[in-house]
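*Asks:* The chain contents come next:
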Amino acid sequence: MALLTAFARVLAKCTLQTYNGPWIFLSALVFFGELKASAETSPSPEYQVKAVFLFNFAQFVSWPRQTSEGPLVIGVLGEDPFGMYLDQTIRGEKVNDRPLVMQRFRRVTEIKACDVLFISRSENDRMDQTLGNLKGRSILTVSDAENFASRGGMIEFFTERNKIRMRINLDAVKEADLKISSKLLRVAEIAR
Amino acid sequence: MPTFRQVNRLSRAEPAVAILIFMVAVTLAPTSDAQDLYAYHPPEELKRLSVEQLLDVDVTSVSKYPEKLSEAAAAVAVLTQDDIASSGATSIPDALRLVPGLDVARADAHTWAISSRGFNDIFANKLLVMIDGRTVYTPLFSGVFWEIQDTMLEDIDRIEVVRGPGATLWGANAVNGVIDIITKSARETQGLLLSTGGGTEDRGFAALRYGMKINDDAFVRVYAKYFDRDESVLGNGDDAHDEWNMYRGGFRLDWDPTPQNSFTLQGDIYSGDQDETYLVPTVAPPFSKTIESTDEVSGGNLLGRWTHNFAPDSVLTFQTYYDRTVRDSPIFGEDRDTGDIDLQHRFALGEIQEIIWGIGFRVTHADIKNSLNVSFIPSDRTLSLYSAFVQDEITIIPDLVRLAIGSKFEHNDFTGFEVQPSARALWTPGHSQTVWASISRAVRTPSEAESDVRLNPAPPVPLPPGLLTIFGNPEMESEQLLAYEVGYRVQPITAVRLDLTAYYNDYEDLRTVEPLLPGPVSPSRVSNKLSGDAYGTEISATAQVTKQWRLQSSYSYWQADLALDRGSHDRNTVSIDEGSSPHNQFFVRSILDVGWNVEFDSTLRYVDVLPFPKIPSYVTLDLRLAWSPLKNLEVSIVGQNLLEDHHPEFAPTFIGTQQSEVERGVYGKVVWRF
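Quick mapping for you: the protein sequence lines, in order, are chains A and B. Going by my numbering, the first sequence opens with residue 185, and the numbers climb by one from there. Going by my numbering, the second sequence opens with residue 10, and the numbers climb by one from there.
A hint or two may mislead.
[Stated by the list, open to error] On the chain B side, residues computed to face chain A include the following (Cβ under 7 Å):
id: 1; residue: P52
id: 2; residue: E54
id: 3; residue: K56
id: 4; residue: V60
id: 5; residue: L63
id: 6; residue: L64
id: 7; residue: N224
id: 8; residue: V229
id: 9; residue: P268
id: 10; residue: S302
id: 11; residue: D322
id: 12; residue: D337
Hints in this document: simulated from the structure, not taken from any laboratory. None of these values were measured; they are calculated from a predicted model. We put the CB at the ideal spot given by N, CA and C, even for glycine.
Could you put together the complete structure from these sequences and hints?
*Replies:* Here's what the structure looks like:
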C-alpha cells in the first residue's frame with residue numbers, strides 16, 4: 185500500500201504540479217489513436233438506431249398469449265445491415281421473462297418461430313410475396329423498404345431531415361392479433 | 010509540497026498550455042465525413058434513450074445525445090446508471106465526484122461542499138440542483154442540504170450536469186452550474202430488486218424496490234431503503250461523533266392512457282438522525298462550550314407531471330409539486346413547506362425555429378427555531394417567486410450553424426425583477442466535431458440567511474457574544490455574473506471522445522461581510538462589495554480501448570481574481586472565495602470487463618490544495634471488484650479512499666462544527682434482481 189501511495193503521489197506531482205497537466209490528454213489522444221477502434225465494423229448510426237428500435241419494439245408490442253412462450257426471436261430476413269450491432273443490443277436482455285435471441289433468415293420459408301422480423305431492403309423485389317407468406321402469423325414486420333406500410337407491412341422506417349421516423353399500418357397490426365403500446369403510436373405516423 | 014505562491018505561479022501558466030492543446034487537437038482532428046468516421050454509439054448508450062429521444066438522434070452526425078441546442082452549446086456531462094453502479098458510490102454526492110469539473114468535498118460524515126467553477130462551501134450558493142424536476146436547493150441559504158438528497162440509486166437513469174450558467178432555462182441560482190438527477194420511469198423498473206451490504210464506513214445498508222404492471226399503459230414501483238454510516242475521525246484520529254442513519258421510502262407511477270397524454274405521480278418520505286458536535290457561544294464566561302447532539306431531519310415530497318403531445322414537435326408539460334423539510338438541532342430548527350407549479354411548451358415554428366417557453370410560480374414558507382448561535386428575524390416567513398422564460402432555437406445553416414437566444418424573467422421578494430438572458434451558438438463542421446460558444450447573464454438572488462440572519466459565532470478567545478455577530482441585510486442585492494464560454498467536442502476516432510471547455514466569468518456584487526466598527530473585534534453586516542473575474546478550463550476524454558476496457562479521464566483548472574469595491578472593509582471574503590476551490594483537479598477511471606462475469610473498476614483522483622480553508626492536496630484511489638455468478642445476482646467488494654488512513658477535504662464555515670476527515674472504507678454488496 186505504501187508503495188502504491190508513493191507511486192500515485194509521484195505520478196500526480198509529476199503530471200499536475202508542473203506544466204504537464206493537459207499534456208496527459210494529448211499523450212492519451214496519440215496513444216489511443218494507435219489503438220484500433222473496437223467498433224470498426226459497426227453499422228452507420230442509422231442502423232445503430234434502427235437496431236435499438238427493434239429491441240424497443242419487443243417491449244412495446246404484446247403478442248397473443250399462445251405465441252408468447254420461449255425466447256423472443258428478433259429475425260432479420262435478407263442481407264443483414266446491422267453487422268454484429270443488433271446481436272450486441274439484445275445480448276443478455278429479457279422482456280417479460282423471455283430471453284431475446286437473434287436469428288438470420290435467407291428465405292421467408294425458413295422462418296419458424298419469430299416475433300419481430302426486420303425485412304431487409306434486399307427483399308424489396310419480392311416484398312408482396314414475402315408479406316403474403318407471413319399473413320395470419322403473429323409476427324411484427326418491420327422494414328425500411330419504400331412504401332412498406334402501404335404494401336401491408338406493419339412498421340416502416342423512413343428518414344426525414346436526418347432523423348428516423350416511423351409509419352405504422354394499424355390494420356396489418358390488428359390482423360396479426362398484435363397490440364402496440366400507445367408510447368410508440370404517439371410518436372409514429374399512422375398509415376392510411 | 011510547493012508553497013502556495015509556487016502553486017499560483019504554476020497554475021497561471023496552464024490556461025496557455027490548455028489553449029495550445031486545444032489548437033493542436035483542432036489541427037489533428039479529422040474534418041472529413043469519411044465512412045469510417047461514423048459515430049459509434051454503444052448499444053447500452055442508445056438503449057437508455059426514450060423512444061422520443063431515439064427519434065431525435067441525428068443519424069448523420071456524431072452528436073452523442075439527442076441534445077437540445079441549449080445543452081449541446083454548453084458544458085454538459087452525463088453520469089449514467091452504469092457510471093454510478095461501477096463507481097461504487099453509495100450516495101449522490103460521492104457519485105458526483107466522477108463528473109468532470111465538479112468540485113466535491115466532504116466536510117464531515119454527513120456534510121458536503123459541492124460546487125462548479127469555484128466558490129465551494131458547505132453553504133455553496135451558485136449551483137441549482139433538481140431531482141426529477143423538483144428543485145432541492147433551499148432558499149434558506151441558496152444552497153443544498155446534500156445529506157437529505159437521496160433516492161434508490163439503482164433507479165437513477167442519469168445525472169445531467171451543466172457547468173456554467175443555465176439561468177435562462179432554469180432561473181436564479183443556476184449561476185455556476187445545474188445538476189439534474191433523473192430517475193427511470195416505472196416501466197423500466199419492473200420486478201423486485203434487493204441491494205444490501207455493509208462495511209467499515211458504510212456500516213450497513215439495504216434497499217428494496219418492487220415494480221409492477223397495472224395494465225398495458227400503467228406501471229408503478231415502490232421502494233424503501235435504510236443506511237447506517239460510521240462516524241469519521243478528527244485530524245488526530247479520534248472519533249468525530251458524526252455518525253448518521255436514514256430511512257427513506259417512495260413510489261413512482263407512470264400512466265400513458267392515450268398516445269397524446271402521459272402522467273407521472275411520484276413521492277418520497279425520509280427520516281434520519283445525524284450526530285454532530287457544535288462549538289456554541291454562551292452568555293456567561295468562558296462564552297463558549299461544546300455540545301454533542303443528535304440532529305433530526307425528515308421530510309417528504311409529492312410531484313405530479315402531465316405531458317401532452319399536440320404533435321411530435323409540439324409538447325406541453327405541466328408539473329406541480331409539494332415539498333416539506335424539517336430539521337431540528339440545538340442551534341437551529343426549520344420547518345419548511347414549498348409548493349411549485351410550472352408550465353412549459355415546446356413547439357416548432359416553421360422549418361428552422363423551435364420555441365420553448367414556460368411560466369412558473371413557487372411559494373415557500375419557513376418556520377425557524379432560533380438559538381443564541383443562529384437566529385432569524387423574522388423567524389416565520391413566506392416567499393413567492395414568479396417566473397417566465399422564452400428561448401428560440403434557430404437553424405441558421407442546416408447541419409452547420411445553429412443559434413439559441415432567450416431569457417428568463419423572474420420576480421422575487423428580495424430584489425424584485427431579474428432578467429437573465431443568454432445567447433448560444435453551435436457550429437458542427439464535419440460529422441465528428443462540434444464547436445460552441447455562449448454569453449449569458451445569471452444572478453444569484455439573496456437567501457433568507459443573507460437577509461434575516463443574526464449569527465453569533467463561538468468566539469475563538471473568551472469574548473462575550475455579540476462582539477462578533479454577523480447581521481443579515483434586507484437590502485442585500487443579487488450577485489451578478491456575465492459568463493463567456495467556448496467549447497469543443499471531437500471524436501477523432503470512433504472509440505475516443507474529447508470534450509474541452511474554457512470560460513471567463515465576470516462577477517459583480519458578490520457577497521461581503523462588512524465590519525461595523527474599526528478595529529480587530531467588530532460585529533459585521535452582509536453586503537455586496539466584491540467584484541472580479543474567474544476563469545478556467547475543463548478537459549475530459551473517454552476511450553473505449555477495447556470492447557472490454559473503457560478509460561475515462563478529466564482535468565479541470567480554475568482561478569479567481571477578486572477585489573473589494575471601494576469602501577469595503579471586509580477581512581476574509583477575498584481569501585475564502587479565491588481559496589475554497591482547488592486550482593487543479595484530475596481523475597482517471599478504468600472500467601474493465603475481465604471476463605467470467607467479473608468487472609474491475611478503479612478510480613484515481615487528485616485534488617489540489619485549498620488555500621482557504623487550508624487543506625493539503627490529496628490523491629485517492631477507489632477500487633471495485635464485481636462478480637455476477639448468475640444473470641440476476643451481483644456480488645461486489647468496494648474499497649474507497651484506499652491510499653491513506655484519513656484525509657481532510659474541507660473545513661467548517663460559519664457554523665462551529667469540528668473539522669473531520671474522510672477515512673479509508675471497505676464494504677461488500679449484493680444486488681439481486683428477480
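*Asks:* All the hints need checking, so say for each whether the structure fits it.
*Replies:* These are the hints, each one checked on the structure:
1. P52: holds (4 Å)
2. E54: Violated, because the Cβ-Cβ distance from E54 of chain B to chain A comes to roughly 9 Å (cut-off 7 Å).
3. K56: Check passed: Cβ of K56 of chain B comes within 6 Å of chain A, closer than 7 Å.
4. V60: holds (6 Å)
5. L63: Cβ of L63 of chain B sits 6 Å from chain A, so the hint holds.
6. L64: Where the cut-off is 7 Å and the nearest Cβ of chain A is about 6 Å from L64 of chain B, the hint holds.
7. N224: Violated, about 11 Å.
8. V229: Cβ of V229 of chain B sits 16 Å from chain A, so the hint is violated.
9. P268: At about 4 Å, which falls below the 7 Å cut-off, the nearest Cβ of chain A leaves the hint on P268 of chain B intact, so it holds.
10. S302: violated (36 Å)
11. D322: violated (11 Å)
12. D337: violated (42 Å)
Hint check: violations occur at hints 2, 7, 8, 10, 11 and 12; the rest are consistent with the structure.
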